[in-house]
Every structure is written in structure tokens, then in C-alpha cells.
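Novice: So the protein lines, in turn, are chains A and B. Residue 134 in the numbering used here is what sits at position 85 of the first sequence, and the numbering runs on without skipping anything. Residue 275 in the numbering used here is what sits at position 46 of the second sequence, and the numbering runs on without skipping anything.
Treat the hints loosely; a few may be bogus.
[Unchecked claim] Simulated DEER-style distance windows between Cβ atoms:
1) B:E309 / A:R131: 29 to 37 Å
2) A:R137 / B:F274: 45 to 53 Å
3) B:K269 / A:A261: 25 to 33 Å
4) A:E230 / B:G326: 37 to 45 Å
5) A:K64 / B:K256: 14 to 22 Å
6) A:D199 / B:E319: 18 to 26 Å
7) A:G61 / B:G287: 18 to 26 Å
8) B:K269 / A:G271: 38 to 46 Å
9) A:K268 / B:E293: 13 to 21 Å
10) B:D270 / A:E230: 20 to 28 Å
11) A:P91 / B:P296: 26 to 34 Å
[To be verified] Among chain A residues calculated to face chain B with C-beta under 7 Å, some are:
12) P53
13) E57
14) I62
15) S90
16) H142
17) S180
18) L202
19) A238
20) L266
21) K267
[To be verified] The list that follows gives simulated cross-link-like pairs (lysine-lysine, BS3-like), each with its CA atoms no further than 25 Å apart:
22) A:K112 / A:K267
23) B:K303 / B:K256
24) A:K203 / B:K256
25) A:K65 / B:K260
26) B:K303 / B:K260
27) A:K65 / B:K306
28) A:K52 / B:K256
Think of the hints as simulated: they come from the structure by calculation, not from any bench. Ideal Cβ placement from N, Cα and C applies to all residues, glycine included.
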Amino acid sequence: MEKPRILEVRQGILKKNDQLAGDLRGRFHNANICVIDLVSSPGAGKTAFLEETLRRLNEQGFKVAALVGDLATENDAKRLERSGVPVRQIETHGICHLEAEMIERNLEGWDLEELDFLFIENVGNLVCPSSYDLGEDARAVLHAVTEGEDKPLKYPTIFNSSDIAIITKIDLAEVCEFDREACYENIHAVRPGIPILETSGKKGIGFDEWFAYLKDLKKGVGSRAKAV
Amino acid sequence: MHELSIACSIVETVEENLPNENSRATKIYLKIGKMSGVVKDALLFSFDIATQDTRVFGATLEIEELPIIVYCEKCHKNSELGNPPIFRCEHCGELTGNLIQGKEMELVSIEVEDGKATNS
Chain A
50 MEKPRILEVR QGILKKNDQL AGDLRGRFHN ANICVIDLVS SPGAGKTAFL EETLRRLNEQ
110 GFKVAALVGD LATENDAKRL ERSGVPVRQI ETHGICHLEA EMIERNLEGW DLEELDFLFI
170 ENVGNLVCPS SYDLGEDARA VLHAVTEGED KPLKYPTIFN SSDIAIITKI DLAEVCEFDR
230 EACYENIHAV RPGIPILETS GKKGIGFDEW FAYLKDLKKG VGSRAKAV
Chain B
230 MHELSIACSI VETVEENLPN ENSRATKIYL KIGKMSGVVK DALLFSFDIA TQDTRVFGAT
290 LEIEELPIIV YCEKCHKNSE LGNPPIFRCE HCGELTGNLI QGKEMELVSI EVEDGKATNS
């Protein structure tokens, strides 16, 4: 047997995903479409929040669509279809996160040029999605008042990799004795400076601020598209 | 647990880098940042499963864990963060989001045993 030798590789472990995500980002920018990835723990209210977002943006005349990751069921997609916009379910068959390849595969047949916003509802999980770039312009982490205040400290990676934090079910804040100050402090402790919004999908709270954020984000995408 | 997906990506990358069909990987050197979202023990566990029936089977993973380091723009000093990582400068107390290390997920090198080339 010959002596073992060392081969230098120096390569990102998720290089393939990152390259594909980079390609997707290029495609999105060329089509002047703004892409938002929603992450949260299961039950934080992603679907209710997204349903309201899609419905209202659609009413305002924006062309929107959604890709919805779910472990096994199509329930979320069925709920979101009620908003009247194109929705596709990505069943991950037990995989705990979405990858760039799943996004690419599920875009087939959609004319991206026709769309203003694409929302990706990631699998409900505060750990695994954080490592995978999907080519999005912004990652929004949702945090329900029912989850308490210390989730950001327990799951710092997902909060740190997000661009905006959205507190959901704010209509229940009082009942849950939600400590707003502690929650803000914990979010900023792991992601200094991140914007925080307070929302309720059920009561329609906080959507003006959310849409102001989205429209700003879209302007940024538009200027990048022109620069390409 | 996404470490199985990560382990499969490692195996795939290692196999692509092996010089020929008869060479085998015996050790794999990784650098994993503590803010990468990868749990070392979960990765070690998944790795054994991911290497089944590959030329990486039997190889060991050598993981260097990199601490989380932030740079403070106010006092121009670095701080190593603890657990949980509070993004605060340990020198002046200012919050800083300027992460300079901790998200790495790098396959650094592979120890390879070259088998005898077969005449095919």
C-alpha cells in the first residue's frame, strides 16, 4: 500500500447549493422579481401571515406567487390558493429544509418576468433552513408571541441570517403576557440592527409596514436589475 | 436534522476530488464555524450513514470548530462570542453585527490512499 497523501480541496461544503442559489438570484434579478424566504418554527403563523400578504398584494394589483415547502401534506398550499394567486407545494418528503435545487425545479412553467414578488414558505424549522441559500433577496424570520421571548437566543443562527424579524399573533400579546422589550432585546442581541415588525394575519395588523419594507426591497432589486 | 444532507454533500465532493477509481479517502479535514448551523455530533453520526457503499467508507472526519468572532467598528477590536452568542463587543459593550468568523463550512483537505491502478 502506498503512503497516504493529503489533497488540498478548500471548497465550501454546500458549494453546489450556493452556486445554484447564485444562478437563481441572477435569474430573479433579470426578471425584476423580488424573492422573500419565510422561516419560522412550526405553528408560528407563516401560512396565515403569507395568506394575508398574498391576498392584499394581489388586491393592490401586484403579481405575486408562492412556493410552499411542507414535509408531507398539501394543506398549506390549499389554504394559500384561497388568496387567488399561483401557489405551488414543494413536498420535501421528510427533508427538514428547502434547497436551491427544489426551488429551481418548481419554478418550471412560471413566467418570472410576469411576477413582482415570489414568496417561499420554508419548512417549519428554526435550525436546518439557515444553512441553505435559496437565491432570495431577503429572509424573514417569523416569531409568534406565543413562543415566548427567548427563541432568538436558542436559535441564534436563523435569526442572525435573517434580514427582517416579524413578530406574529401580536393580537394575543396581552393574553400571553408577551414581554415585548425582552423579545426585541433578544432579537437584537443575536442580530443587531435588524428591523422588527409586529403583525397579526388574523386581525390584519402591521401589513402597511410590511408592504413598505417589501416595496423598498423591490426598488433595490429593480436598480440591481438595471445594473446587470 | 440537516446534517445528513450536509454529510451527503461532503461525500459527493470528496468522491469528485479523488484522483482515480482506486483511490480512497481515509481522513477528511473540515472547518465548521459555530454559527454555521451544523452540529458536530450530528454530522459525525450522519457521516457514517452517508459513506455507506462509497469510496469514502471508513474515512474519519477531522472537524476543526471555529469560534464566532465579531469586529467592533467603534473600538476596532475583535471579540469571541460565547453561548448563546450575544453580538456585543467585549471591550466597549456596543452591539455589533459585524461577523468575521463563525459561518464557515469548508472542506479543507482529504487524506488519500492511492490504490494500484487496474488495467482496464
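Novice: Evaluate each hint against the coordinates.
Specialist: Hints, verified against the model:
{"no.": "1", "hint": "B:E309 / A:R131: 29 to 37 Å", "in the structure": "49 Å, violated"}
{"no.": "2", "hint": "A:R137 / B:F274: 45 to 53 Å", "in the structure": "33 Å, violated"}
{"no.": "3", "hint": "B:K269 / A:A261: 25 to 33 Å", "in the structure": "41 Å, violated"}
{"no.": "4", "hint": "A:E230 / B:G326: 37 to 45 Å", "in the structure": "20 Å, violated"}
{"no.": "5", "hint": "A:K64 / B:K256: 14 to 22 Å", "in the structure": "20 Å, holds"}
{"no.": "6", "hint": "A:D199 / B:E319: 18 to 26 Å", "in the structure": "22 Å, holds"}
{"no.": "7", "hint": "A:G61 / B:G287: 18 to 26 Å", "in the structure": "25 Å, holds"}
{"no.": "8", "hint": "B:K269 / A:G271: 38 to 46 Å", "in the structure": "42 Å, holds"}
{"no.": "9", "hint": "A:K268 / B:E293: 13 to 21 Å", "in the structure": "42 Å, violated"}
{"no.": "10", "hint": "B:D270 / A:E230: 20 to 28 Å", "in the structure": "35 Å, violated"}
{"no.": "11", "hint": "A:P91 / B:P296: 26 to 34 Å", "in the structure": "31 Å, holds"}
{"no.": "12", "hint": "P53", "in the structure": "5 Å, holds"}
{"no.": "13", "hint": "E57", "in the structure": "5 Å, holds"}
{"no.": "14", "hint": "I62", "in the structure": "4 Å, holds"}
{"no.": "15", "hint": "S90", "in the structure": "15 Å, violated"}
{"no.": "16", "hint": "H142", "in the structure": "13 Å, violated"}
{"no.": "17", "hint": "S180", "in the structure": "4 Å, holds"}
{"no.": "18", "hint": "L202", "in the structure": "4 Å, holds"}
{"no.": "19", "hint": "A238", "in the structure": "5 Å, holds"}
{"no.": "20", "hint": "L266", "in the structure": "18 Å, violated"}
{"no.": "21", "hint": "K267", "in the structure": "24 Å, violated"}
{"no.": "22", "hint": "A:K112 / A:K267", "in the structure": "13 Å, holds"}
{"no.": "23", "hint": "B:K303 / B:K256", "in the structure": "42 Å, violated"}
{"no.": "24", "hint": "A:K203 / B:K256", "in the structure": "33 Å, violated"}
{"no.": "25", "hint": "A:K65 / B:K260", "in the structure": "17 Å, holds"}
{"no.": "26", "hint": "B:K303 / B:K260", "in the structure": "29 Å, violated"}
{"no.": "27", "hint": "A:K65 / B:K306", "in the structure": "34 Å, violated"}
{"no.": "28", "hint": "A:K52 / B:K256", "in the structure": "13 Å, holds"}
Hint violations for this structure: numbers 1, 2, 3, 4, 9, 10, 15, 16, 20, 21, 23, 24, 26, 27, all remaining hints satisfied.
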